Amino acid sequence: DIQMTQSPASLSASLGETVTIECRASEDIYSNLAWYQQKPGNSPQLLIYDANSLADGVPSRFSGSGSGTQYSLKINSLQSEDVASYFCQQYNNYNTFGAGTKLELK
Amino acid sequence: QVTLKESGPGMLQPSKTLSLTCSFSGFSLSTSGMVVSWIRQPSGKSLEWLAAIDWDGDKYYNPSLKSRLTVSKDTSNTQVFLKITSVDIADTATYYCARSQLGAGDYWGQGVMVTVSS
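Protein sequences appear in the order of chains Z and G. Residue numbering for the first sequence follows the working numbering, starting at 1 and increasing by one per position. Residue numbering for the second sequence follows the working numbering, starting at 1 and increasing by one per position.
The set of hints was computed from the structure by calculation and includes no laboratory data. This structure is a prediction, so every number in the text was calculated from the model and none was measured. Be careful, since some hints might not be right.
[As the list claims (entries may be wrong)] Below, in silico cross-link-like pairs of lysine-lysine (BS3-like), each with a Cα-Cα straight-line distance of 27 angstroms or less:
| id | chain 1 | residue 1 | chain 2 | residue 2 |
| --- | --- | --- | --- | --- |
| 1 | G | Lys45 | G | Lys83 |
| 2 | Z | Lys74 | G | Lys5 |
| 3 | Z | Lys39 | Z | Lys106 |
| 4 | G | Lys59 | Z | Lys39 |
The task is simple: from the sequences and hints, build the whole structure.
In structure tokens:
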């Protein structure tokens, strides 16, 4: 099984700040990685697929990067509506999700 | 407009079989590359992928749960089903179905809460 190690588990940032969340896979996943945003009481929403492709309707302040086993999600100019939990998912070999990052405002 | 909606029993007793239905519209599961997956999330925890079925009828299961899972679809390709046998308290979660075409789930249902309790 491919394990996804996501960090940090929680993050506090100020409006306008740049935030980075990381995921490390236990083996090469060949950029078969997605990032999701989940707000309380809602289902996950796709942000990024194939490591760096922006999903339809997602603001351009969200971006993804990485390759091999190391991937990151960056949020530029943090907005209040970005307060949420974020999850990475590998789909190279079955599917595995990271443990999640809870993003709060400072 | 793509929509998915999960339905289930709400609550069931330990050792019983959980049956879930994902009803969807706005896309065809018979389209090449289309996949519908089941994912669950215990309250306050992360997501766990359970199973998937693709346009060709091929089925995929989480290896750690495979012996307890059965995924299927109806002949009209508008519903996907998941059965989980021998449930226990650890199966208490919100269960989601999601569509994917390129691996990532681009549309998700609203989820259905399932509580296992005696």
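Hint by hint, here is what the structure shows:
no.: 1; hint: G:Lys45 - G:Lys83; in the structure: holds (22 angstroms)
no.: 2; hint: Z:Lys74 - G:Lys5; in the structure: violated (31 angstroms)
no.: 3; hint: Z:Lys39 - Z:Lys106; in the structure: holds (17 angstroms)
no.: 4; hint: G:Lys59 - Z:Lys39; in the structure: violated (30 angstroms)
Violation of the numbered hints given earlier is confined to hints 2, 4; the remaining hints are satisfied by the structure.
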